[in-house]
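Colleague: Sequence:
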Amino acid sequence: MRISKNDIPTKIDAPGAIARQALNFGDASDYGSLSAEYFSLGSGTDIAPLLQGLEDDACQAPHWGFLVSGELLLTYTNGSQETCLGDDLFYWPPGHSVRAMRDSEVILFSPQVEHAEVLNHMIAAMSGS
Numbered sequence: 000m001r002i003s004k005n006d007i008p009t010k011i012d013a014p015g016a017i018a019r020q021a022l023n024f025g026d027a028s029d030y031g032s033l034s035a036e037y038f039s040l041g042s043g044t045d046i047a048p049l050l051q052g053l054e055d056d057a058c059q060a061p062h063w064g065f066l067v068s069g070e071l072l073l074t075y076t077n078g079s080q081e082t083c084l085g086d087d088l089f090y091w092p093p094g095h096s097v098r099a100m101r102d103s104e105v106i107l108f109s110p111q112v113e114h115a116e117v118l119n120h121m122i123a124a125m126s127g128s
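Per numbering that gives the first Met the number 0, the very first residue in the sequence shown carries number 0; after that it's consecutive.
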């Protein structure tokens with residue numbers, strides 16, 4: 000699920016201030032603490048090979064975030080794909096992989112326990128363990 004900044008409904012439009020709010024943007028009630036994460040991904044980076052061996056060979060942590068710049072292609076375990084572009088807010092449910100189509104800067108908010116498991120798995124895969 001993604002939404003461009005200009006497509007987020009405006010709640011307040013006053014001189015010098017605009018507030019936009021997208022309702023029902025994912026549910027975090029089943030998770031504990033969130034971590035804040037900043038990723039820089041070079042064009043062509045594909046994390047799919049690093050996810051091999053996880054459930055459905057995919058990241059099983061949900062993420063909420065903002066794509067500062069670039070373009071990311073999300074592939075979901077149900078076979079669907081979604082493109083996120085710079086200035087998009089997004090929610091990625093469990094069961095996804097990410098490939099950078101252009102150099103990208105992304106801010107994520109993720110359940111820290113679930114995403115730590117994924118990151119640790121990726122680190123082990125990079126080291127050949």
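Don't read these hints as lab results, they were simulated from the structure.
There's no promise every hint is true.
Lysine to any residue pairs mimicking SDA-like chemistry, simulated, CA-CA at most 25 Å apart [claimed, not checked]:
1. K4 x F65
2. K4 x P48
3. K4 x L53
4. K4 x M125
5. K4 x Q20
6. K4 x E36
7. K10 x M0
8. K10 x S32
9. K4 x A124
10. K4 x A115
11. K4 x E81
12. K4 x L49
13. K4 x D86
Per label pair, the in silico range of CB-to-CB distance [to be verified]:
14. A123 x I11: 14 to 24 Å
15. F38 x T76: 26 to 36 Å
16. S126 x I106: 18 to 28 Å
17. P8 x E81: 32 to 42 Å
18. A115 x T44: 19 to 29 Å
19. V112 x I17: 12 to 22 Å
20. A16 x M125: 39 to 49 Å
C-beta atoms are modelled at their ideal positions from N, C-alpha and C, and glycine is treated no differently.
Colleague: Which constraints among the numbered hints does this structure fail? Numbers only, ascending.
Modeller: Violated hints: 2, 3, 4, 8, 9, 10, 12, 14, 15, 17, 19; rest satisfied.
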